[in-house]
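Listed in order, the protein sequences are those of chains A, B and C. At position 180 of the first sequence the residue is numbered 180 (the numbering used here), and the sequence of numbers has no breaks. At position 106 of the second sequence the residue is numbered 1106 (the numbering used here), and the sequence of numbers has no breaks. At position 194 of the third sequence the residue is numbered 2194 (the numbering used here), and the sequence of numbers has no breaks.
No lab work stands behind these hints, which were simulated from the structure alone. Computed from a predicted model, the values in this text were never measured in an experiment. One thing to keep in mind: the hints can contain errors.
Stated by the list, open to error - Covered by chain B, according to a simulated footprint, are these stretches of chain A (three or more residues, beta-carbon under 8 Å):
1) 131-143
2) 209-219
3) 249-262
Here a beta-carbon is modelled for each residue, glycine too, at the ideal position from N, C-alpha and C.
Below are the chains, spelled out letter by letter.
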Amino acid sequence: MLKIYGLFLVSGLAVGSLYALGGIGLVILHRSTGVLNFAYGAIAAASAMFCWQLVTWEFPGPVAWCLTIVAGVFLSVLYGRLIAPGLAWREPAVKAVATIGYTLILLGLIGFIWDDSPRKLELPTDKIGVWILGVRVTVTRLIALASSIVVVIGMIRFLERTRIGLNMRALADNRDHAALLGIPVVKVETMAWTISGALAGFTGLLFGDLVRLDPTVITFMVIPATAAAICGRLESLPLTLIGGLAIGVLEAMLTLYKPLAPLRTMTPFIVAGLVIFWMQRGQRLTFVRDR
Amino acid sequence: MKKIPDILSALALVTGAMLLPAVPAVADGHSDLSCGLNTGKAATGEPIKVGGINGNAPPGDFSGGTDAAAAYFDCVNANGGINGRPIQYIVENDQWNPELAGQVGTKLVKDEGVVALVGNGSVVSMAVNAKLYADEGVMAMASACAISDCYENANIVSTNQGPLPSGIGALKFAIEELGSKHAACIGFNIPNNGGWACDWMNKYMESKGLQGSSILMDPTAVDLNSIYLQALAEGVDTILLMLPAGPAIGLLKVAEEQGGRDQFKWVSPTPIYEPGVGNVLGDYWSGHLYVNIELAQYDSDGPDNKNWIAVTKKYGKDGDRLDTFSQSGFISAKFFTDALLKLDPAKIDRASVSEAIKQIVNVESDLLCGPYYVGDADRHMPNHAGRMVLYKDGGFETVRDCYDIDTSYLDPIRAQEKALGVTQ
Amino acid sequence: MARRISGKNFITLAVVLMVIWLLPLLLSSLWVKVVTSAVIFSLAATGVSILFAQLGLINLSQVALIGVGGWVLLRLNYATGLPFTVSLLAGGIVAAIIGAVFALPAVRMRGLYLALVTLMAAGALQILFNAFQFPNGGEGFWGVAQQSAGDVRRPFLAQTDGAYLRYVMLVVAICFTIVGMHRFAAPGRAWAMIRQSEANAMAAGVNVTFYKTWAFALSGFLAGISGGLLAGALQQLDARTFVAGDSILLFALSIVGGAYHWLGAIIAGLLFKLLPALFNDFGISADLTLVIFGIALLHAIITAPKGISGQILAGISSLAARRRVSRD
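So here's chain A without its partners, still in its complex pose (with noise of 0.2 Å):
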């Protein structure tokens, strides 16, 4: 029996990964330039779509990788120097709302480019496995685990070491008054939104990988993927790792309670729904901040 938790466990937090790496892109973007991005899916599923392309076209692997985090920073920097400083002043919620014109776009523009057939995205490192708690794991998953634990000790070091990191700190604590010290506002977002789209790309690569290169089901995947970010409170990396992971590792588990095996997907909805109950705990009515 206690294997069969391990297995789960495992599983569990493959796919937790998964969702706490689009979190963390979620959340580095939100933090910066207090924009949710709704797109980030779609541009994972663009880049993912672009390595698939890549590939049939016969580049060596690590070329192709690397365009593929290039092409997910190219659509993320687009969106961000074209469209989002047009709607800096606006509320976050319409800066939201912006992101899904974008979603539609490029959701579009996929289908339209690649039709509808089954593809498939493979990693050298789905080949190797390592035998963990009696589960095989590929290295493809451990990548994708460690890396969003690196992500996030690493933000968390450059965000504190850095200079374009205090600078990013200062305007996600106060846009104007960040402004008025002379912080270069379209540097520092610039540069999150580099950072959030490479985070996209990468994404959407492991995505195509572990679970299936399907470009609407990568697109939808920001949905789960918010929830992760909701548990940061659209503000903390390492809240956002473990909810992404929380949620993962709860949703594999429900598999073993038989009635509610079926409705384990719900998991990530209703772990960010009590969450977003309990951070709304104690606020008044009156003087409604709209954050």
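Given chain A, work out where chains B and C should sit, using these hints.
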């Protein structure tokens, strides 16, 4: 330079790209080609409108039936048509979308006024349109059906078996030859698809004093790994893959990752039986995956199978699927054409065509194990005996030839067959 | 309301009745079905628009609520002998209650977090629908059997697709009227004050909690009614119609159509259901409709907050003004 992983090109092959080269070449000459009147003259009369609906979108492509029917009708039109009248075959894709399925069904039946539907293959369209067909008195000779509605309606008759007989056929073999005691049926949680078939699987296991479990998954589910683990947690000894080819292959990949080949006995109904699947599955599964096939092997020597290859080669399009559903679409179109040829070409309308289809009794083909029939009944399932093949060295080898199944589901069907004088 | 039916209102009524009578006669069977869907989704879009235009709230769960209304109608259809219209109302009321429950967090938060709550709800409902499916005449609470769907009763005078389209248009016209009345009555005034400032509204004695909840309930009610109408139109429902992605899309189209006028909701419904069907019929990839929607949404948010309907109405009124000037 890193080569493209074989799997990619292979999957593209299996799932829709050029399949032609994978089918063993048959002496090309047109000696095998035979369509309708075989006059060699194109039909020029007033076209007869025939419809077809397929479902081609993720997570599965069910267009093989309409592809082959289209090729056969083209061949018929080039060979005298229906006593001089060509068939105008109108194919719509429901994209697995129920609302769209209703719209295209209405378009074909009401606006276009088709005399019948042939070659249909979809998981949603029949559920949505069954009532429309009954109300409008139009018959559908389907080819790639996968839900109960295809087998439990008066106006629908499907040439393929669907998941139920094919799945039970696979289980019967697993029990008798592999010693299965507890089988997990992994299917999609789509109305009247996975639940329907897996319920009957479980009943079948129970009727043999054995155990069955259903594992139904959301078709959009992202995590195949946990589906596999669910089977593992269930403690079964056999896994029945009640899924379209794409997801079934995905699940086999997960099992391979987990080293699950020897942990279970692996059986599957027809969908995974496709030329080219060997390139995707690779050596790992060789000798470990048993598949029940609803029609003859695609490289068999029967005249109808050779004709199918010749017709699809000459009249098919690049990218046509050449799978079991294609064979099924071909033979449906052939039976349909033969029935129409008996009619007075001036008096072909929906009523006469529906009647002619119902008159089809005891027609035979080497593609089918038993005779095909329609008759006037409230449900139809003419094809329920199949063959078993084993995946080996990238191809398939027959391990058991034609055998029928024993399930109480077939009781009303057996009664019909008795009344019509059909012996399976 | 003391106002009499003015001449202008009378003309509007006559035009609406004419359209309701004529439209089914002019369309082929396929387009009757498509237009029925489009009109039904227009009604749901109205619900999204009310929340956005009146209170600035973002509702990303409307399509899921349509599913709720449809579920209730199907359940009552099979479990009871109630007339269609009664089941329809029941579906509307249940969806209204669920909509009001969503308002719980909205009472204390606005903006982004509310949008996220509704998005999470849409995600959860999508999975519920998929796990339990829609009733098709089976036994038990969920009412699902492995069988062909049974008959869904339609209203007595609306058995055919054409007549049913008339019924749908009539119901939608009535609902639009109810919504219109809200805007000019107490709730509309309360909403306007809340939109300006919740604190001021409260100080002025407006029951903020009540009116916010009321807006959500009204929006949910409209979704529920459209769900029932959809079930009657299709004769069965399928979980794949109510995915979270479509809730997001319907919200986007409501903004594109224009949230501030009923015409915007009609445009949203047409964009949502008619445009893809037209593309499909012309053999153009339906994926391109998404690109168009995306561009239109960005355009609406950045430069045209009143959407297509706003631009049309502005065009009409400037035309009228020019005429008046030239006449003078």
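Each hint tested on the structure:
1. Remark: the region 131-143 of chain A is confirmed as covered by chain B, as 3 of its residues place a Cβ nearer than 8 Å to a Cβ of that chain, reaching the required three.
2. Given a C-beta distance limit of less than 8 Å, the hint that chain B covers the region 209-219 of chain A holds, as 5 residues qualify and 3 suffice.
3. Given a C-beta distance limit of less than 8 Å, the hint that chain B covers the region 249-262 of chain A holds, as 6 residues qualify and 3 suffice.
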